[in-house]
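Peer 1: Here the protein sequences line up with chains A and B, keeping their order. For what it's worth, this note's numbering labels the leading residue of the first sequence as 1, then goes sequentially. For what it's worth, this note's numbering labels the leading residue of the second sequence as 1, then goes sequentially.
It is worth saying that the hints were derived from the structure and are not from the lab. There's no promise every hint is true.
[What the hints assert, rightly or not] For lysine-lysine, the following DSSO-like pairs were computed, each having C-alpha atoms within a straight-line distance of at most 27 Å:
(1) A/K71 x A/K18
(2) A/K65 x B/K97
(3) A/K17 x A/K57
(4) A/K17 x A/K69
(5) B/K97 x B/K56
(6) B/K56 x B/K70
(7) A/K18 x A/K69
(8) A/K69 x B/K97
(9) A/K71 x A/K57
(10) A/K71 x B/K97
(11) A/K57 x B/K70
(12) A/K57 x B/K57
(13) B/K107 x B/K97
(14) A/K57 x A/K18
(15) B/K97 x B/K70
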Amino acid sequence: EAQVTQNPRYLITVTGKKLTVTCSQNMNHEYMSWYRQDPGLGLRQIYYSMNVEVTDKGDVPEGYKVSRKEKRNFPLILESPSPNQTSLYFCASKIAGSRASEQYFGPGTRLTVT
Amino acid sequence: TQLLEQSPQFLSIQEGENLTVYCNSSSVFSSLQWYRQEPGEGPVLLVTVVTGGEVKKLKRLTFQFGDARKDSSLHITAAQPGDTGLYLCAGGLGTYKYIFGTGTRLKVLA
Numbered sequence: 001e002a003q004v005t006q007n008p009r010y011l012i013t014v015t016g017k018k019l020t021v022t023c024s025q026n027m028n029h030e031y032m033s034w035y036r037q038d039p040g041l042g043l044r045q046i047y048y049s050m051n052v053e054v055t056d057k058g059d060v061p062e063g064y065k066v067s068r069k070e071k072r073n074f075p076l077i078l079e080s081p082s083p084n085q086t087s088l089y090f091c092a093s094k095i096a097g098s099r100a101s102e103q104y105f106g107p108g109t110r111l112t113v114t
Numbered sequence: 001t002q003l004l005e006q007s008p009q010f011l012s013i014q015e016g017e018n019l020t021v022y023c024n025s026s027s028v029f030s031s032l033q034w035y036r037q038e039p040g041e042g043p044v045l046l047v048t049v050v051t052g053g054e055v056k057k058l059k060r061l062t063f064q065f066g067d068a069r070k071d072s073s074l075h076i077t078a079a080q081p082g083d084t085g086l087y088l089c090a091g092g093l094g095t096y097k098y099i100f101g102t103g104t105r106l107k108v109l110a
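Throw the hints in and build the complete structure from the sequences for me.
Peer 2: Below you can see the structure in the form of structure tokens.
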């Protein structure tokens with residue numbers, strides 16, 4: 001089954017404790033992206049990757065890091081999480097090079113930073 | 001900061017009624033997507049429009065992209081309880097960057 005998977009689905013952590021949210025896709029998509037969803041703000045793009053070893057900032061990259069060492073994986077790293085990073089995070093993937101290609105979203109990771 | 005304003009934020013209607021959701025921006029988009037999101041799940045694509053003035057139909061749903069590619073609308077005819085959900089529009093800036101609207105939470109009462 002074609003899908004985007006995220007782990008963990010739920011995470012409660014404390015301020016300053018480094019964490020990684022993993023994202024993996026099995027559709028051989030070149031493009032992957034991370035979003036955060038907050039009430040009243042919709043989804044906001046954090047980082048995206050056009051292909052292996054190629055990443056760029058979205059609208060809200062501060063406090064986040066990403067890496068794309070393999071085509072199928074795109075982990076999101078929070079080096080020193082803060083309470084304002086409490087949010088619902090989504091990973092997405094699509095075929096690169098086309099503005100009309102469909103983005104497939106993962107099920108989401110709900111992160112709480114206390 | 002580029003914005004994509006979506007209205008209304010909330011909509012509660014009776015089964016059988018028609019409704020329209022709007023997305024407006026001052027930015028020109030290369031594409032406009034509409035998604036539907038269920039609780040506990042990621043957004044699922046309904047349609048992508050890429051040409052100014054383009055109209056696409058998906059059963060009872062009609063999507064239109066504005067002539068200037070700055071706005072879009074989603075019209076639902078004869079809404080059904082199964083249409084209940086969160087509807088999101090997203091404007092593409094080139095091929096890789098996207099701006100999402102804040103969403104319209106639709107509830108269709110039987």
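Peer 1: Determine which of the earlier numbered hints do not hold for this structure and return their numbers in increasing order.
Peer 2: Numbers 12 and 13 - these are the hints that the structure violates, sorted from lowest upward.
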